[in-house]
Each structure stands twice: as C-alpha cells, then as structure tokens.
Amino acid sequence: MSHDVTLAEGIDHQVAMVMDLNQCIGCQTCTVGCKTTWTEGEGRDYMYWNDVETHPGEGYPRGWEGSGGGWKSDARQEREVGEIPDQEDYGRPWEFNYEEALFEDDGPLRPEGEDPEWGPNWDEDEGAGQFPNSYYFYVPRICNHCTHPSCVEACPRQAVYKREEDGIVLVDQDRCRGYRYCVEGCPYKKIYYNAVTKTSEKCLFCYPRIEGEGPDDEVHPPVCASECTTQLRLVGYLDDRQGPIYKLVEEYEVALPLHPEYRTDPNVYYIPPLAPDQHSPDGETVDVERIPREYLERLFGPDVNDALETLQREREKVNRGGSSELMDILDHTNPAKQYRLEVFNDE
Amino acid sequence: MSTHDNPDERTDDDGSVARRDFLKGAGLAGLVGATGYGAAREFLQMERLEVVDDPIGDYPYRDWEDLYREEWDWDSIARSTHSVNCTGSCSWDVYVKDGQVWREEQAADYPRINDDLPDVNPRGCNKGACYKNYVHGAQRVKHPLKHVGDERGDGKWKQISWDQALTEIAEEVLDVMEDGDYDGISGFTPIPAMSPVSFASGSRMINLLGGVSHSFYDWYSDLPPGQPITYGFQTDNAESADWYNADYLIAWGSNVDVTRIPDAKTFLSARYGGAKTVGVFSDYSQTAIHTDEWLAPEPGSDAALALGMARTIVEEGLYDAAHLKEQSDMPLLVREDTGKFLRASEVPGLSVGAGDDPEKVMIMQDAAGDLRIAPGSLGVREGEFDPGSSIELDFDPQLSVDRTVETTDGQVAVRSVWDRLRERLAEYTPETVYQQTGVGRETHQRVAREFARADRGKIIHGKGVNDWYHNDLGNRSIQLLATLTGHIGRNGTGVDHYVGQEKIWTVNGWKHLSFPHLDKSGTGPRGMPTTLWAYYHSGVLDEADPKLRERIETSIDEGWMPMYPEERADGTRPDPRIFFVWRGNFYNQAKGNTFIRETLWPKLDLVVDVNFRMDSTAINSDYVLPTASHYEKYDLSMTDMHTFVHPFTPAVEPLGEAKSDWEIFRLLSERIQELARERDVGPIEDRSFDRELNPKTLHRDYVRDWIDDESGALEEGKDAAEFILRNSGETNPPDSDEEITFEDTVEQPRRFLANGGHWTSPIEEDTAFAPWKNFVQRKDPWPTYTGRQQYYIDHDWFLEDGEALPTFKEPAEELTDEYPLRYLTPHGRWSMHSTWRDDKYMLRLNRGEPVVYLNPADARDRGIEDGDQVRVYNDVGEVQAQAKFYPSSEEGAIRMNFSWEDYQFPGGNNFNSPTSMLLKSTQLVQYPEDSGEHLHFFPNFWGPTGVNSDARVEIEPVEGGEHG
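As you go down the protein sequences, you meet chains A and B in turn.
All residue numbers for the first sequence refer to my numbering, where the first residue is 10 and numbers rise by one.
All residue numbers for the second sequence refer to my numbering, where the first residue is 1052 and numbers rise by one.
Read the hints as simulated data drawn from the structure, not as lab findings.
Errors might be hidden in some of the hints.
Claimed, not checked - Here are a few chain B residues that sit away from chain A, every Cβ distance over 12 Å (derived from the structure):
#1 W1123
#2 G1188
#3 L1718
#4 G1733
#5 E1798
#6 E1929
Said to hold, decoys possible - Label-pair distances were calculated between CB atoms; the ranges are:
#7 B:K1193 - A:E351: 53 to 63 Å
#8 A:E51 - B:R1163: 19 to 29 Å
#9 B:D1160 - A:S289: 17 to 27 Å
#10 B:E1443 - A:R329: 43 to 53 Å
#11 A:E49 - B:E1594: 45 to 55 Å
Note that CB positions come from ideal geometry on N, CA and C, so glycine has one too.
Extracted from the complex, chain A is given alone in its bound form (with noise of 0.2 Å):
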C-alpha cells in the first residue's frame, strides 16, 4: 500500500504524534511532566500545553470545542471567528495557605482567594449517560502542529510561523505583542496568552529535546510522550513510510485527527477507545455499545467507523491466534518502534 502525505507548502517533514485512547488511563504524567519542564511561573502557571480531558465533558479551556476558530471552508481563504477564553474557563493556578493550616492549626488547606467553581479538570470522570451504562474515556490534548493551522493566519504581526524542517508550530516570542488573535484563532484553543511577558506561548512539541539540545546532547521524544506511563504515544514524522505513525494513519487508518471539521488538519491522531457494552436491567452483558456512535463521529468525524472496525478485525486476528502487524506496533513489545525522531537526521 502506498498513499500519499500531504504536508504543509514550504515543510520538508512533519512532525506528528498518535495518540491511543484505548491506552490512555487520565493519569495526567504527561501534564505534570510538561508543567515541571515548561510552564512553571512567570505567567505560565495556569497553562497546560499539554492537559488531558474526560469526554464527554467541558475540556481545558472550558468549551474549547464550541470556541469557533478554524477555517470556514476547505478552500482555507477565510477564518472562522474564534473566541478568548476567559481565565475562569482555564481555571486559576490556585496557592494554597499551607503555613497557616499546617504549622498554626488555622485550616482548613484551601486554595487562597475566591472559592474556586471550575478548574483545568473539574468534570474529571463524569461523562455522560446513567449507571451502568454511562461512559466516559480521557483525551490527551497537545498543539496539533495543524498542516494548516489558522493561528499562524490569524496573527497579524505574522509572530506564528511553521518551521520548514518540521512543521513545529511556535510563537516567536520576540515579535508576539500578546494580541491573541492566535488564541481566538485556534479551534483547540492550545496557544495561551502569557500576562506576565504579555506573549503568547504554547507547546513546543518538545523541539529542544527533539533536537538534542540538551546538556546530554540526546535527542529525546517529547516529554509528555517520554513520560507516559502507558506509552499511548508514538512519535515521528507523517512522511517517514517505515514509521508507525505513516502505518497507523495512512495505512491502517486506524489514528484520527481531532474534530477534522476545523480544517487545519491536526497532526496529531487518536485511535478511537473501544468500551465494554452495555447492561441490561437485570445486570447480563447484551450486545449494545456503550459510547454512542454519533458522539465518536462528532469528536473524530465519518472514519471512526471504519477506524473501529479495523481494530477489532485485528485484535480478533490475534486472539484467534494470528498475528498482526497493528497490535504489534500497539502492545510495546518492541519499544523501538514507538520513537523515530532521527530519521531524517542525515538529510
């Protein structure tokens, strides 16, 4: 099989990330792993370049999915208007009176100021439906590095640029004047407006680490791919056939941009989760799935459907004894093939 990858006009590789949801466990290292890297202190306390979020359910920032931003049509002329979270939609990077309620016996432990209503992961294993057959599953969230992304369009200083080697997306942080027509202009609202330096910033897929530029002079995979627990990230470049990213989107189809209708084309892919069925009313298992079809096509559009059945048709392959390349590249027993960030190097 052979298919074609479009990358962005001008971009000599892409860089780009799966994510498998059926592995994804809401544990939230990759967050803590970005946060301690990236974005402690200076105006960076409240975001989470990398946040993971229950679905069905508000996200971070809160409604980021009904926040406009995009491109109106597949022609990519015209923008879809976008809106600024508010900060209450992120959530405050609450403090906390530890002095007093630890040392003094004056608590309770509370986050200090106005009692918080909403934070970065309040609705944290809600979902929908009703016991039993409510459902719920996590979506790790990054700066989709998009093919064509609207925040780069929207900046009227042109401070956001797609870089020709790898298509990482960034804010110059020199040019940004902290306008936040970015902000708006992302469908998946991931740049987030920096108060204290009055710029913009987001994730930078790592881009230090990925280059080697480190005092260890090693090239490492992004850390919220490095430090997932489960590994549900694989790490490459769209354009690297033998890579298993190329495998899992072009061929398999099985990995997925998120919300394909903003037309940026994300470069980062979900495989869709699988779910246990449905009970019935008096406790037997019966054949009914328990995530709502039309919610899956929402998030990952028409494909999900054959995304699917393309996973279950292999892991039946498997346990009838087979073997399959699809769960070979998924199940980590060979850890080598997760990451391929130097395979371009020579060029």
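Fit chain B to the known structure of chain A by using the hints.
Chain B alone, transformed into the frame defined by chain A:
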C-alpha cells in the same frame, strides 16, 4: 469567553496580573476573521515590522528559539525513587538546576525481561513526576519542632536544636526503661520494601531497646487473609509483566488504571496481545472503561459472584481434576460428626512413618476404595516448609467420597472436602447470585466458562475485595476459581493480589538489619498486630459483643496473638507509653479514628514523628524531627510488581537541618547510650525473651554489623544498604559468584539473581516471575496444615461460624433507613495515600479540597448539586466535603478517596471519621491450635486486618455551605 477589545495590559507591582487585565483582549477587532496576508502586510508596515513572506516553512527570524533551548538545561542528574507504599518502585532521574531539584523524569532503564513481553519502562506516575514540590515546598519540616501547647494538634510549636530534641527524647526513653516498660515503647513504620534502610533505622533502635514493632500490612487491610488461609503464605504475586502472559485477564476490585499506574500498560497491552480483559467493579471504574467486559456486583458481594462462577465450573465439569487431586484438599476426608479432618491417628491400620505425627496426617481414598495417607500432610513432613517432602501422587485419590470409616471412635460417616464444597456451591444458583450481586444470571456463568476454558487465566485482585470485614471469604472464593481451573503455578495464571508494597525481596538482609537481636541474642522482634493493639487500647474491646471479647481474650491468653505492653506479674497491664512514627501517617490512616483519637492517643506519654513534611501525625505529635526527603538520602527500593532492585541516591543535600532516618536514629541511640551511662540504666533482663537489653551499649550495637562481627560498620545509611544486599540470597546468592552491589544498582536497576529460598518460584532468566511454582511444578507441599491449597479449615471457630469452607456473608454493617448508603474509601489517582494529597499540582487537577463522589440520583434525592458542601455522617462520626457527581457510581454507594489529610477538612475530622473499628475473630487464630505451622502470628503475615468498607452513612447538604 470574550472577544478582543483592548491590547494594553498591566502588570501589578508584585508582578502579578490582575484578572481584569487578563480578560482584556487585543484591540484589533476589525481584523478578526479577515486577516490574511494583505491585511497583515498593511498592519506590519504600520508597526514598522519586517514582512514575512511565508510563515509556513519560511520564517526568517528564528534566533529567538534559543529561549526555550536554554530552558532545557540542568547541572546534574541523580537516580532516586519514592518511598510511599505505592508498589511502583519506579526509578527516576532527578534533575538539579541551580542547587534545586528542577524536574524529574523516569530513568526508564530497567532491563528487558524478554523481548516478547512489553517493556516495563518507563515506570512512574503523575505524583512521582512532581515529588520535587515537596523537596522545597511549604509543607517541609526543616528544623526539629517541639510541641509547646496544651493539647496535641493545637499548632503551638517551638523550633529547638537537635541537641535539645535528642536529649529530651532520650531522657523519656530511659525513664520508661527504668520503669521496666520497654514493651510500652513501640514503632510504627510501614512497608520495608519501599525503603528498607529507613525502615530499619528506627526498628533497629527499638529492637535493641526491647520495644515493639507494629505490623502494618494487616492493619492497612492490605494483607489478603485468604492467602495465608489457603496457601499458607503471606502473599506471593506475579510481577506485572506476567499479566501479558494471560489470555483471560480479570481485574477484580483492583483499579489498576488508578492504583497501579506504572503497571497499567501491561494490562492494556494484553488486549492487543490476544487476551480478553474483564473488569469486576461495583462502579464503572477507570479500569472498567478499558476492559472488554465489565461486571458490576453490588459492593461487598464479590464472594457470592465468585461462588456462583465456581458452581458453574463444577457443575459443568470445567474443572481440572488432576490439579485438584494433587494440589488441593478436595480429596481429603472430613468426619461428619465433628466436621474435622479424618486423621491417620483415628484410623486403625493406617501406618505412618517413624517420627511422623499421625494426629496431623489427613486421609484420602484411592480408586480401589482404600484409605490412603495424604502425602504432604503436616504430620509427615518436617515443619512448615519441607522441600524434602512431596505431594506427588502414586495413586489416584477420589474427589467424591461419601462413606463410613471404622475409627477409634467406632463407625464414622465421612465425606470428602469436594463433596462438601459441591453442596456449598449448590446454594449459589444463578438466581441466588443475581439476587445477591445484581450480576446477570447468564453473564456470570458465561464469564466463568470463558475463564475455565482459557489456556491461561489470571485474576488481578485488589482492595475492592480486601477492604471488607469478610475479606477472607472474598479472597478464598476468588482463589477457588483459580484452583478449580488449575490456573495457578504457571506463567499467566493465578490470583495476584496487589495491595501494599509488602514484598521485601531481600528479606534476610532487611530482617537482620532491622532486628539485630536475631544475631545478638538469637531472639526475634517483639512484633504486634496493630489492629488488635488499636482495638484493645482504644477501648473498643470493652464495647465489643461478649463472644468477640471472649475470643480476643482467648487468643491473647493462648499466645496466638501477642498484646503489648504485656500483662505484668500482678495481673495489671500498663498503657503504651512512647510511640515513634516514621515513613507512615498513622494518625491520618487509623480506621475508626474517632476511637484512636479519643482514647488511645491520650494514653501515650510521648509521640515522636520523623518526617519530611507536616502530615496529620506530625501535627499531632510532641516532637517532629526533620528527615531527608526522597531525593536527599541513600536507600533501596523493591516491589512485588517487578523483580528489580534500584536505589535512592541524594540529588541534593538535606534541606535545613534535616537528616536521614538512619542518621536520626543513630544519633538518638548515641544520646540514649550517653545518658544511660550517666544515669546507670541497664542492662535489663527482658521479661519474656532470653536476652539482655542494654541502653549503655545502644549506639555501639546500632552501628555494629552483627553478622560479620564488625564494630562501627554501619555508621551511614549507604553502609546499611550494602548490608542488605550483601546478606540477601536474592542479591548475593550463596552458590554463585554473582552479586549485586549498591553501585551496580546506581548504574542500572538490577534483576534479582535468585529467589533467596524465601519466595515460591525461582527467578528464571527470560521469564516473568509468577508464584507458586515450587508447589505446583516442583511439588513441594504447600505450607498449610494439609500440604495443599486448603479450602477447608477445621479450626473450631471456623466451624462454629460456618466458614470452614468459603461462603458469602453480607457486609458487617447492615444498611438501614437511617444510614442507607455504603461509604467507600478507595485509592484515587491524585495522591499516594496521604502523600501528594496536599500538593498544589495535584490539587489543581482535582478540586483543591476533599470531594465525595455521588451518583447524581442519590444526590438530587437529597437536594445536593455538584459543588455543594455535604455532611457525611453516621453514629460513629462525620466529615464534610464537596459533592462531585460521578454518574458511573452505582446508586446507594458514595466514595471519598482515601487519605485526605486532617487539615484539609473543616473541624478536624477526616475521611476515616465515619468508619468503625471492626475486627474479625477468625483472623486471631493459630492453626493447628497447638503448633501453628499453617497460621501463626508474625507481623504482617497473619493477624487481624483493619477493614473499612463496611461503613454505612447518610449525607446531607451543609446549609450555607461554609466553604471549609
């Protein structure tokens, strides 16, 4: 959400940005949605900026990118881990920048066991990824603190010198020694495997003083009593890599996606490797969402579900008869008149070997109908473990036997355990199981068939079963499924119980380091079952029903369970006097804490807490001694989840005046020795062990290596770590040149070289560890009375209570109209017990304060909305928390995650306040009663469990909702 308005932003004097400024947007509304290069070009010219021809792929001004490259920078990296009884035992790289811990990332260099198994790397979790917050955090204890208020917990502290702290504590210890109340000194420190050097530090001092070591694994209700009952062994488990070997994998009350985060990968991967996964949870849990099938039994009804599944397996002939005949007690004969096993001593003409004890030899019937000695019975083997004996059969024992036997008491009707079991299982019809559990009549039978027919079936078993009063019945019923199907003793099979990091692989080195009297005087630790201690000294015993009280008294009087301080010659029993706590949060995690706080705590003359942070126990202590954090010391780490040992090494120096646990207890020993000589205290004859206690040589004895007979050898924590590795068969096998040194572990985690003669399977190259192979494959007798997996316990109390065989019993506390809700306190993902419970990064990712998870229907029935403050109460106690809707909860049960700290609740109560203190008397027995080879007290191996899931409560909104 807002749209753009004005771009001007202000930063306040303190550098913070006012909320109103945050809300203001950029002021170029006219451009919104109508940008594009033309408009941009016009704007840029206005702003005097260079125009970028194409920001997609051709952006010219990239020098600024060094900004983030410069942030990806550090000065040094040290290898360490976390000591929190999480079972993770994850090796981390700790990055230091400018003298502070900047971040951590999994070292991810555990060796591969086998290329066909999922890589175990990287092990870690969200908590481990931000332990650094504690190292420099506001919770940190940096100096010795002395409580100077009127009442413990009133927040009145004075910072004192180490010199003062050591002297004052040493004086009190010596006062108690002078009174002869050394068994009123006790130490609570859980789980050696998570940091054995720190465990040993205080334990060593207390052992030398003649003091008492508390059990913890049973007190935490982590010990599955069904394992010692059935297998004769504390607990042995497969490492998580073995999950992948199963082709039918059931997570039963074990929420691996939340509570085994580093291991969840293997559970999830198994689905891609050809396994079916099943979740058994009363809620649609975080693990259930990723299974192929979920069963939802009512809370506390696990035994009924398991016994129903067992009925299907037995009635449909899906059991493994050969396994049952050789490996289980099913063919053994039981007298109908007494309910006791028929013994060889009762059957004239049945001869046993010279030196054998016919009263402890069981009987089976062969294919010809002749009675035969059951090989491996306790009476024909040398003690508990006897690899020289075998259970291999040279005849065909019959499973089904119903006959009479001519005995010394005349004609006696007997039946096999198998026949009794079948009769028991017949009670668990599909209809009954449905009524008791709510699991479908067909579904549970189908799952039973699938499990039985699988080539390799495995059950991962956890706290959802083990926290109930009748946990032993739950354990035994679930274990029965593995035994019936022969899914045990091979890779990819078994019932693996993972609760608590109890598996101290290097058992010999740890034991000798912690309890030097083993070598000094040949006497063991003065160990104590903490559940019983708490029950006794909290005054709960006085309120107990007469039968329970009588049994407790019998157990203590018979010496089945020890109780300290011991009864004195004059019949009195002093109260406990000095309580040392380190590496644990006793005050916070005490079940029935209302009783502990009101009655037990005031009895203590002195409470000393050694801690890196101000937890609930520290707050309620008399002295808090600042200890090194996990990134400031040397130690070792191991777990039952894997077969590797790896170290703690210091990334930074201890903060403030903190010192490692090893140094703190060494210094305290030194001060006690010094003052004992001044005051002439000791030597003292131990009341019940043949040994002398000598505070005058305490420090000398503390730093002495008693095995190698070398003085001053154990000054440093690192020396102690080396001692453990050197003296353990797992790391220094006696029959091999290979040895794992501390330096080896610093280089890379090392896989154990051998099983040290203690564990139930060998360590095999290329093979994941799975337990019980010594018995199932090598055919050693199991360390039970019968030498087999034993489902029939003929102890009088078990017979009296109808629990000789596994059975289902309802939760101990019945739901009523007044208290109609189950109150469950499962482990959550945002803390590891109480550690990280107060961490701001974790709190920001939940709600910043304690929450209680409610089914929305239960909430709305009571006028409660998500976010409301609610009171959870019953006749034992109450606690206040924020309501959070959790539609995946069954109705009739509410959940508050385990281990919020006291200071996170208004009013000083905590999550345990509504729990009673329950104690199940069958967990106090010795078996056989006279010799106890099968069940005998040893701390953490056998003793009563401190359960907490049987509680019942009601909830109501808190009017006015004072937000804590």
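Structure-based check of each hint:
Against the 12 Å criterion, B:W1123 falls within the reach of chain A, whose nearest CB is about 4 Å from its own CB. For B:G1188, the shortest C-beta to C-beta distance to chain A comes to about 8 Å, within the 12 Å cut-off, and the non-interface label is violated. Once the 12 Å rule is applied to beta carbons, B:L1718 is consistent with being away from chain A; the minimum gap is 24 Å. No Cβ of chain A comes within 12 Å of the Cβ of B:G1733; the nearest lies about 38 Å off, and the non-interface call holds.
For B:E1798, the shortest C-beta to C-beta distance to chain A comes to about 16 Å, beyond the 12 Å cut-off, and the non-interface label holds. No Cβ of chain A approaches the Cβ of B:E1929 within 12 Å, the least distance being about 15 Å, so the stated non-interface status holds. For the pair B:K1193 and A:E351, the supplied restraint of 53 to 63 Å is violated, since their beta-carbon distance comes to about 45 Å. Taken as a hint, the range 19 to 29 Å is violated for the pair A:E51 and B:R1163, whose Cβ atoms sit roughly 41 Å apart.
Distance hint for B:D1160 and A:S289: a CB-CB separation of about 49 Å, inconsistent with the stated range 17 to 27 Å. Between B:E1443 and A:R329 the Cβ separation comes to about 36 Å, which falls outside the hinted range of 43 to 53 Å. Range check, A:E49 to B:E1594: Cβ separation about 52 Å, and the 45 to 55 Å hint holds.
When the structure is compared with the earlier hints, violations turn up for hints 1, 2, 7, 8, 9 and 10 and for no others.
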